[in-house]
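Sequence order for the protein chains is A, B and C.
Position 241 of the first sequence, counting from 1, maps to 241 under my numbering, and the rest follow consecutively.
Position 239 of the second sequence, counting from 1, maps to 239 under my numbering, and the rest follow consecutively.
Position 116 of the third sequence, counting from 1, maps to 116 under my numbering, and the rest follow consecutively.
Just so you know, the hints here were simulated from the structure itself, not pulled from any lab data.
Hints should not be assumed to be uniformly reliable.
Claimed, not checked - A short list of chain B residues far from chain A (calculated; beta carbon distances all over 10 Å):
| no. | residue |
| --- | --- |
| 1 | 95 |
| 2 | 96 |
| 3 | 168 |
| 4 | 178 |
| 5 | 201 |
| 6 | 244 |
| 7 | 276 |
| 8 | 346 |
| 9 | 381 |
| 10 | 385 |
Said to hold, decoys possible - Just the calculated beta-carbon pair ranges, DEER-fashion:
| no. | chain 1 | residue 1 | chain 2 | residue 2 | range |
| --- | --- | --- | --- | --- | --- |
| 11 | A | 202 | C | 375 | 55 to 65 Å |
| 12 | B | 211 | C | 314 | 34 to 44 Å |
| 13 | C | 107 | A | 365 | 40 to 50 Å |
| 14 | A | 330 | C | 340 | 50 to 60 Å |
Just so it is clear, CB atoms sit at the ideal spot from N, CA and C, and this is done for glycine as well.
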Amino acid sequence: MAMAASSLFTCSLQEGMCFPETKSCSKNFLCNYVNPMHKQLGCSESRHVRHPRFLLNEKSLMLKETEGLSKRKGILCQSVKIENPPSFTMGKKFQLDDVIEAQQFDRDTLSAIFEVAREMEKIEKNSSGSQILKGYLMATLFYEPSTRTRLSFESAMKRLGGEVLTTENAREFSSAAKGETLEDTIRTVEGYSDIIVMRHFESGAAKRAAATAGIPIINAGDGPGQHPTQALLDVYTIEQEIGKLDGIKVGLVGDLTNGRTVRSLAYLLAKYEDVKIYFVSPDVVKMKDDIKDYLTSQGIKWEESADLIEVAANCDVVYQTRIQRERFGERIDLYEEARGKYIVDRRVLEVMPKHAVVMHPLPRLDEITVDVDLDPRAAYFRQAKNGLYIRMALLKLLLVGW
Amino acid sequence: MAMAASSLFTCSLQEGMCFPETKSCSKNFLCNYVNPMHKQLGCSESRHVRHPRFLLNEKSLMLKETEGLSKRKGILCQSVKIENPPSFTMGKKFQLDDVIEAQQFDRDTLSAIFEVAREMEKIEKNSSGSQILKGYLMATLFYEPSTRTRLSFESAMKRLGGEVLTTENAREFSSAAKGETLEDTIRTVEGYSDIIVMRHFESGAAKRAAATAGIPIINAGDGPGQHPTQALLDVYTIEQEIGKLDGIKVGLVGDLTNGRTVRSLAYLLAKYEDVKIYFVSPDVVKMKDDIKDYLTSQGIKWEESADLIEVAANCDVVYQTRIQRERFGERIDLYEEARGKYIVDRRVLEVMPKHAVVMHPLPRLDEITVDVDLDPRAAYFRQAKNGLYIRMALLKLLLVGW
Amino acid sequence: MAMAASSLFTCSLQEGMCFPETKSCSKNFLCNYVNPMHKQLGCSESRHVRHPRFLLNEKSLMLKETEGLSKRKGILCQSVKIENPPSFTMGKKFQLDDVIEAQQFDRDTLSAIFEVAREMEKIEKNSSGSQILKGYLMATLFYEPSTRTRLSFESAMKRLGGEVLTTENAREFSSAAKGETLEDTIRTVEGYSDIIVMRHFESGAAKRAAATAGIPIINAGDGPGQHPTQALLDVYTIEQEIGKLDGIKVGLVGDLTNGRTVRSLAYLLAKYEDVKIYFVSPDVVKMKDDIKDYLTSQGIKWEESADLIEVAANCDVVYQTRIQRERFGERIDLYEEARGKYIVDRRVLEVMPKHAVVMHPLPRLDEITVDVDLDPRAAYFRQAKNGLYIRMALLKLLLVGW
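With the sequences and hints as input, model every part of the structure.
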């Protein structure tokens with residue numbers, strides 16, 4: 001069956017097309033798997049058939065009822081006892097149930113995800129649309145608008161042959177507006193889809209959703225909290241552009257206090273060897289101590305600098321961020337002062353090494369001047385594109401496994 | 001051709017996949033059918049080829065022009081005279097043109113729809129996405145938001161391989177805002193799609209749309225009026241959970257004055273034998289006399305009760321509903337009083353028979369306590385899921401027939 | 001390969017279905033083409049493989065780097081030198097990169113597009129969904145709502161087997177709201193899709209987008225500016241309904257000052273021989289001199305008339321338009337006066353020739369009475385439907401070529 005699975009995969013690489021027969025036949029061998037340590041409740045039936053965590057021979061499968069759960073078909077779970085689970089799914093790093101926060105990824109998982117992302121890049125470029133996720137439905141449950149992120153996920157799903165249900169104004173989700181809990185909403189939506197990509201205004205909402213859902217949840221940003229797929233695409237971009245992650249020098253520039261992305265990025269970079277991080281920011285938006293302390297505890301060298309030119313001359317990556325006006329409230333004066341302070345322009349490019357790159361999570365205002373776009377080292381639009389590959393990889397991993 | 005049609009259907013059951021050849025070949029035999037008693041005007045051409053009501057041999061087909069309609073291709077209809085129409089489509093109950101109101105379904109039609117819904121459940125669980133509705137386009141024309149209902153319909157369409165056009169804010173449908181009539185909007189949208197699922201704020205809007213449209217209309221709720229698919233999924237859920245409809249005892253609890261769903265449910269239950277209905281509601285939101293009188297006229301036993309525990313002990317189904325705050329306007333005091341009165345909690349579960357179930361149209365606030373969710377008899381999330389199967393069934397029936 | 005391509009095309013005409021094998025095989029021969037005179041920057045990789053302008057044998061392909069562009073894969077372009085480009089793509093009229101304004105189409109291009117539109121009509125009617133655009137993704141980037149136009153484009157894409165990413169409130173596109181330039185937004189979105197259909201509130205926005213994008217842009221209306229697909233479908237409808245364009249007599253009625261559609265229509269009609277145009281409008285909304293002068297310069301006969309009946313008696317086409325209340329601001333009195341002046345009703349129909357038609361861009365209020373709908377000469381709903389065929393044709397031409 002492993003063979004069938006890989007052949008399925010190969011064919012989609014070679015032709016960007018899996019033939020119905022192959023597909024449905026392999027499907028006949030899919031069996032539901034529910035991590036017993038996790039999510040006893042709320043596993044929708046659709047997950048039982050649509051969200052296998054791995055493939056195995058039907059004969060080797062025994063079902064035993066979990067204590068206190070009824071015979072009723074429906075949303076209750078079954079735990080599955082497996083004899084000789086196939087080796088290719090062994091190993092902790094392959095247990096990817098949900099994508100909730102950057103902290104959940106160790107170095108091995110990251111490189112495994114990046115490997116799949118590179119496959120996705122091939123698929124997106126060389127085929128007329130893959131069919132790997134044909135028959136799967138993704139629900140984008142967005143409690144606050146984020147068109148860029150939503151389009152990126154929906155494109156990823158569709159590039160792999162999957163389908164999408166869209167809710168951009170889930171906050172006015174009629175039922176939510178009427179006072180329904182997030183948990184109830186998730187239980188309803190999981191009945192209609194195979195995976196939920198959620199954007200929420202409350203920190204921790206994604207974790208709550210994942211605790212309820214029987215299908216995978218991807219956190220597409222929860223308020224001031226996490227935006228793990230952004231963090232993954234940032235690290236992936238560095239590896240793709242610079243060719244390595246160990247031993248790199250990264251300058252984080254701009255709003256380091258409120259910038260969710262720079263905080264997650266610093267966190268993930270700490271997983272690599274011999275990394276050096278420079279913080280370049282106006283005083284009002286300095287990097288907070290929690291991250292600095294964490295870096296120190298991990299033996300990561302970091303320093304603060306007020307000289308962008310000097311930093312740019314020494315770095316492999318200049319990661320610029322937008323000063324977020326909305327954080328300054330009435331103090332427009334402080335905003336204007338902070339905003340003008342560190343601009344990436346031709347002068348910065350001149351001192352940057354040939355191999356270095358400028359990154360930015362986008363949107364950018366004038367913290368990077370437009371003339372920089374013409375320079376090959378301007379990586380921010382490639383970075384945005386990498387978001388597509390990372391999201392394709394995560395969708396593939398969560399829905400059909402490694 | 002009947003054979004081809006059924007084989008088409010079987011294959012989709014077996015593999016969840018129909019092969020292009022089969023599909024297109026069968027398509028070659030499709031012919032347009034317009035019920036002559038119905039919809040002389042406004043039949044879009046697309047319906048002529050995309051919305052057959054049954055299949056027959058082209059040779060056995062004679063076209064005759066309807067009086068006063070021109071030769072022009074376009075939105076005018078043709079009536080079709082059929083020699084020996086295939087038997088498997090005979091019978092009044094198979095004439096499903098639109099889904100407008102609960103009243104349109106007789107007992108036979110209901111059980112026929114439920115039979116298809118059960119097939120849909122198999123398709124959704126055992127296949128990697130059916131292709132039954134491949135090539136069909138559904139437009140969701142929502143004049144007021146109802147994300148739950150919209151997602152359920154869109155999921156149903158996509159689970160069957162169909163495609164969707166979404167309009168969640170049709171009220172600001174640029175043209176509607178400019179004063180276009182509903183009829184004109186329908187005539188435009190029917191040119192872009194094969195079926196329209198409409199949610200509207202005005203009672204009767206769905207009927208008007210159906211009178212205009214040449215393609216099927218499904219009423220996804222029109223204001224205080226009807227929400228027929230909810231009524232169908234409620235009855236379907238009772239049959240699935242209890243195993244029968246004749247002779248059941250149902251307790252309707254909560255807001256019985258404004259609850260559209262309980263009113264439709266009571267109406268449909270009247271079609272079955274030996275049913276007993278209990279009304280349990282605060283005085284301010286009692287069931288209205290029209291339904292009571294109707295039940296009496298149909299020989300259905302009903303009584304009002306103030307004792308939820310006693311009712312729960314006697315019923316197969318406890319159907320709880322939300323007290324709708326929006327109906328109380330300024331009188332928050334009345335709302336709060338009504339709201340706290342009848343809560344389904346562990347105490348209620350203790351007296352309920354083992355085989356009985358708790359249902360709720362959702363969203364629920366605290367009228368059912370969260371600890372009830374863990375009990376196998378909590379059927380409300382399965383009920384929501386059944387909405388998917390009922391909608392899959394209706395889409396299949398309206399687009400490709402029985 | 002030309003053969004393979006045409007066979008691909010034929011099969012989709014015959015069966016409305018291309019078999020995966022054929023498709024992917026032909027895909028293997030696709031090569032990227034970038035018009036060197038155009039769009040040096042911003043060509044997304046996806047375009048390189050997904051947006052071929054023609055097919056050719058891989059061996060006959062040599063890549064040469066464009067001056068000053070780096071080796072980096074990414075958003076920079078490569079120009080492609082072709083030995084013996086296949087003849088079937090030669091000829092200026094076949095160079096369709098974007099659809100920005102009515103002025104860009106010459107008479108030959110128009111008739112070529114109309115020819116494809118007629119093919120699309122066959123596909124939409126005779127097949128269960130074509131697969132011509134399978135694997136292609138269209139992004140609808142709407143900065144102001146226009147549900148009618150959006151649905152029409154999305155239906156067109158899906159009728160051809162393509163997929164869609166929707167943004168109806170791009171104005172609140174989180175990043176746009178934060179001050180991102182249109183250019184940056186386009187560079188991001190082009191990374192997620194193969195073609196962008198844009199509606200914008202600013203005149204000229206589509207041109208700016210096209211200058212930035214490496215994938216085709218279709219202007220779905222930019223403020224007071226252009227709405228080229230409407231203009232195309234109007235001319236197409238006249239040809240379909242009257243059977244010719246040379247020598248026709250057209251009466252343009254209603255708001256000729258603000259009516260974007262009548263202005264573009266007059267402009268396009270000037271490309272044909274021996275055309276006569278009548279302007280019938282209230283004084284406050286007369287046709288502006290620029291169009292009148294242009295018509296004169298092109299040798300097109302035109303006159304203004306206050307007598308709708310007389311004009312209707314002489315015309316092949318009576319093109320009625322809505323008096324746009326929003327243009328009158330406070331002067332409701334002027335609006336009401338203008339609005340009642342020229343109504344197309346049964347009286348007008350009585351004097352119209354049998355072969356003539358009434359057209360209207362829709363939405364209509366009461367400038368055409370409802371009883372007119374029953375007359376075969378009422379072409380406005382067929383006209384709306386033609387919008388689908390024209391958009392299918394443009395999507396096909398821009399994505400897979402002639």
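These are the hints, each one checked on the structure:
{"no.": "1", "hint": "95", "result": "holds (29 Å)"}
{"no.": "2", "hint": "96", "result": "holds (23 Å)"}
{"no.": "3", "hint": "168", "result": "violated (8 Å)"}
{"no.": "4", "hint": "178", "result": "holds (23 Å)"}
{"no.": "5", "hint": "201", "result": "holds (13 Å)"}
{"no.": "6", "hint": "244", "result": "holds (16 Å)"}
{"no.": "7", "hint": "276", "result": "holds (24 Å)"}
{"no.": "8", "hint": "346", "result": "holds (15 Å)"}
{"no.": "9", "hint": "381", "result": "violated (5 Å)"}
{"no.": "10", "hint": "385", "result": "violated (4 Å)"}
{"no.": "11", "hint": "A:202 <-> C:375: 55 to 65 Å", "result": "holds (58 Å)"}
{"no.": "12", "hint": "B:211 <-> C:314: 34 to 44 Å", "result": "holds (37 Å)"}
{"no.": "13", "hint": "C:107 <-> A:365: 40 to 50 Å", "result": "holds (45 Å)"}
{"no.": "14", "hint": "A:330 <-> C:340: 50 to 60 Å", "result": "holds (52 Å)"}
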